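Mind docking chain B on chain A? Use the hints.
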Amino acid sequence: MNPVRLGVIPSLLACSVLCFGCASSSTEIWQQQDRVDIKTLAAPTYAEDRSLGHLQVTAREQVQVAVTPSERLYLLHEDTEFAFDWDEFGLVFFGILGSVVSLGITVFLAFYLVDSNDDEKK
Amino acid sequence: MAVLLCVAALLAAGCTTRSWTEETDTYRPLGPTEQRLENRGIADLWLKATGPQEEDGFHIIERLHTNQDGQVSMSLLPVALQVLAYGHDVALEFRRLEDDVLVLTSLITPENAVTILREWQVQVRLGAKTKLRPAEIKLLDQLIEDYGDETAVELLTEIRPAISPRMEWE
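Chains as they are written, first to last, in my numbering: chain A, 1 to 122; chain B, 1001 to 1170.
In short, the hints are calculated from the structure, not lab data.
Just so you know, these numbers come straight off a predicted model, no measurement behind them.
Please note that a few of the clues may not be correct.
Stated by the list, open to error - Keeping only pairs whose Cα atoms sit at most 16 Å apart, straight-line, the calculated EDC-like set for lysine to aspartate or glutamate is:
hint, chain 1, residue 1, chain 2, residue 2
1, A, LYS39, B, GLU1034
2, B, LYS1131, B, GLU1098
3, B, LYS1048, A, GLU48
4, A, LYS39, B, GLU1038
5, B, LYS1138, B, ASP1056
6, B, LYS1131, B, ASP1141
7, B, LYS1048, B, GLU1098
8, B, LYS1131, B, GLU1062
9, B, LYS1048, B, ASP1099
What the hints assert, rightly or not - Part of the chain A face toward chain B, derived, beta carbon under 7 Å:
hint, residue
10, ARG35
11, PRO44
12, GLU48
13, HIS54
14, VAL67
15, SER70
16, GLU71
17, ARG72
18, LEU75
19, HIS77
20, GLU78
21, THR80
22, GLU81
23, LEU103
24, ILE105
25, THR106
Cβ coordinates follow ideal geometry from the N, Cα and C atoms, glycine included.
Just chain A, with the same shape it has in the complex (with noise of 0.2 Å):
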């Protein structure tokens, strides 16, 4: 056998090996966000206000807020994975399979047909 034949079918096994191959990785992200801390000092008090044939009721709570400028961590994560697409490979395989019968057809209309219809002419 062809030297070069042989080597054709380990070779696209090989690169279809290293298709299969999964990565995973993770980056640190700093980005400017202030800390905000909200501690509620007291209950709630609840007021009323009559105008205008409406009663309006406002719920109200005393709250320290502290604010501290600082820098938030995100982790930006990525995942690579061997995906296969089998209607992907059936328009390939098809394809493929669809031009090499066409390329037939025509070579052997255009060979054999006519160029035995021309011999016949002579």
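Chain B only, in chain A's frame:
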């Protein structure tokens, strides 16, 4: 054929990359902490306003939701109608829906009821429209027909055209 299959498989196979960002609770301080006291409105709070139930089953129930400033508003017209129709004060109770705790009580007296009708009369003259439940509209119509106080009847008569029925789901 085997080569064709391999080529098709190779072209169809590939790598999928997905990426996502995870938010952590880790902070890196950049400066000193500033503290301040705030008296802020409680947003997204659900309240239930209920009035006393009458013998014939008439009952005011409203579910209210506070806005960003912690405020809710409800029309006092149905309460005024209940006060005038049944002849007694009506205490509106506001309870938090999450734990059913009574947070506020508002008392409407017959004097308040007439004031509310006057305010609604002004609103109606300015073009305001409002909706009432069928039971409340029935109460209003009965008051226009039977109520003894002429001033109140005049106010109610003027308010009546601005009222349309309120659906169950509203």
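Given GLU78/A as an interface hint, is the shortest Cβ-Cβ distance to chain B below 7 Å?
It holds, given that the least Cβ distance between GLU78/A and chain B is near 4 Å, below 7 Å.
Are the Cα positions of LYS1131/B and GLU1098/B separated by 16 Å at most?
27 Å, violated
Is the shortest C-beta separation between LEU75/A and chain B less than 7 Å?
Hint holds; LEU75/A Cβ to chain B Cβ min 4 Å, cut 7 Å.
Interface hint compliance - ARG35/A to chain B, C-beta minimum distance less than 7 Å:
5 Å, holds
Straight-line alpha-carbon gap LYS39/A to GLU1034/B, limit 16 Å:
Within the cut-off at roughly 14 Å; holds.
Verify the proposed pairing of LYS1131/B with GLU1062/B, using a straight-line Cα cut of 16 Å.
Given that 16 Å is the threshold and the Cα spacing comes to 13 Å, the pair holds.
If you take the shortest Cβ to Cβ gap from GLU71/A to chain B, is it below 7 Å?
4 Å, holds
Any CB of chain B closer than 7 Å to the CB of THR106/A?
THR106/A check fails; min Cβ-Cβ to chain B is 19 Å, beyond 7 Å.
Distance restraint between LYS1048/B and GLU1098/B, which requires alpha-carbon spacing of 16 Å or less
Answer holds: LYS1048/B to GLU1098/B is near 10 Å, not above 16 Å.
For a C-alpha distance cap of 16 Å, please report whether LYS1138/B and ASP1056/B respect it.
13 Å, holds
Is the straight-line distance between the alpha-carbon of LYS39/A and that of GLU1038/B 16 Å or less?
10 Å, holds
Min Cβ distance, ARG72/A to chain B: is it shorter than 7 Å?
6 Å, holds
Checked against the numbered hints listed earlier, the structure breaks hints 2, 23, 24 and 25; every other hint is satisfied.
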